[in-house]
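**Student:** Here are the chains, one letter per residue:
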Amino acid sequence: MTKPAPRGSPLVVSDALSDALVVARILDGDGEAFGIIIRRYEPGLLRFATRMLGSTDAAADAVAESLVRAYRHLAQCRDPEHLKSWLYRITGNRCRSHIGRRHMADVSLDDAPPVADPADTWAALERSEQVALVDRALAALQPEKREAFVLKHVEGMSYEEMAEVTGARIPTLKMRVHRARAALLVALKELV
Amino acid sequence: MTVLDPRLQEALDGERDPASLPDGLREAYTRLTGVAELLREPPAVSVADRVMAQIRREASVPVVSPAGAARRLARWFARPRAVTLRLRPAWTLALAAALAAVVLVPFREGVTPGAEEGIAQFVGHFPGARSVEVVGSFNDWRRGALALRDEDNDGIWHGAVVLPAGQHEYMFVVDGERWVADPLAGRYVDDGFGAGRQNALLIVRP
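Taken in order, these protein sequences are the chains called A and B.
Quick note: the first sequence uses the numbering used here, first residue 1, plus one each step.
Quick note: the second sequence uses the numbering used here, first residue 193, plus one each step.
One chain only, chain A, in its complex shape:
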């Protein structure tokens, strides 16, 4: 969980900097400024990787590896104004190689029902069951369709941004999203 910066911290000011300026600072030797990048993009990257891999632990590993790799190769980011797409591309790549190394049948989908906590409300439990159901339906999709659906509908990207992230053409991405929607509708008939 990202921690809010304390009031008056210079980081609050830094967070107003554009990605390109933060990248320039890092390349100038201020490695600590990479923390700004992490705060900006970690939640989305973790959510993306979690939906791609079906496991929070695997997603955390993939995102951590991707961020370290991004830091090491930051000078190779050709367009720092599009840093977000670059980070998603690295993370997506890492997720794909992770998926390639193991069969989806081996994927932990975190599908064990959540342990009931007396403090949980019925609505919260129902919601976590719904999330587990949706996660399973998503995991049943082919990785490229899953990726397209998550980038479009979970991360809220435009098709242009998705093309930057995946390297696929926009018509191809539209087709993947359309097919993913159709498959999810069939799989989740029961879900309200």
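Wrong hints could be hidden among the right ones.
[Claimed, not checked] Facing chain B, according to a computed beta carbon distance under 8 angstroms, are these residues of chain A, among others: (1) 43; (2) 50; (3) 178.
[As the list claims (entries may be wrong)] Far from chain B by the CB rule (all over 10 angstroms, computed), these chain A residues: (4) 16; (5) 21; (6) 83; (7) 84; (8) 142; (9) 143; (10) 161; (11) 171.
It is worth saying that the hints were derived from the structure and are not from the lab.
Glycine is no exception: its CB is placed at the ideal position from the N, C-alpha and C atoms.
Given chain A, work out where chain B should sit, using these hints.
**Tutor:** Quick look at chain B alone, frame taken from chain A:
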């Protein structure tokens, strides 16, 4: 394979007002947007500390409060970098500039690379370009280290540099923003960041 009604796809792509959908399609629209909303649940973990710890470890520099100029310089030196020639190319480029007025390929005449070095020459055809530079693994992909020249404004940009023998990846950066793999490189390698982009590959022989 179920095919969804194109009107539903348009509404989900933001190209149609969902209120204009007939009841059956509106229900499917609500279901799919509900699915997306469930998946937007924020992650309950953070890797920030782990990543920053790794970065600091690699930098081998203790975490300090904002550094003064000397400490900043020390950190700059301590930061791991690709193998680069920071001094020699500067000297050889200076020599090249001095020789350029006399001979077309200055390095052959005036500079003797070390036993484990060679001269890399870069040529690119970029008519109308205002600037062309070379970035690569040999200069840590940093801009401003190796600018090409086009003295007669014919669109042919060239430059040379002494590099360590071995393989180097590189790209041209045209007008400060457009990255172009050298079309004459002959060899290319994936840039390692997906999306099928490639860097040009240069092999320097001693």
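**Student:** A separate judgement is required for each hint: does it hold in the structure or not?
**Tutor:** Tested hints:
1. About 6 angstroms separates the beta-carbon of residue 43/A from the nearest beta-carbon of chain B, less than 8 angstroms, and the hint is met.
2. Residue-level restraint check for residue 50/A holds (minimum Cβ-Cβ distance to chain B is 6 angstroms; threshold 8 angstroms).
3. Residue-level restraint check for residue 178/A holds (minimum Cβ-Cβ distance to chain B is 5 angstroms; threshold 8 angstroms).
4. Listed as a non-interface residue, residue 16/A keeps its Cβ farther than 10 angstroms from every Cβ of chain B; the least gap is roughly 18 angstroms.
5. Residue 21/A, annotated as away from the interface, keeps every beta carbon of chain B farther than 10 angstroms; the closest lies near 15 angstroms.
6. The Cβ of residue 83/A sits about 12 angstroms from the closest Cβ of chain B, beyond the 10 angstroms cut-off, so the non-interface label holds.
7. Taking the minimum C-beta to C-beta distance to chain B, about 14 angstroms, the non-interface status of residue 84/A holds against the 10 angstroms cut.
8. Look at residue 142/A: its CB is around 12 angstroms from the nearest CB on chain B, clear of 10 angstroms, so calling it non-interface holds up.
9. Once the 10 angstroms rule is applied to beta carbons, residue 143/A is consistent with being away from chain B; the minimum gap is 13 angstroms.
10. For residue 161/A, the shortest C-beta to C-beta distance to chain B comes to about 12 angstroms, beyond the 10 angstroms cut-off, and the non-interface label holds.
11. With a least beta-carbon separation of about 13 angstroms from chain B, residue 171/A lies farther than 10 angstroms from that chain, consistent with its non-interface assignment.
When held up to the earlier numbered hints, the structure conflicts with none and fits them all.
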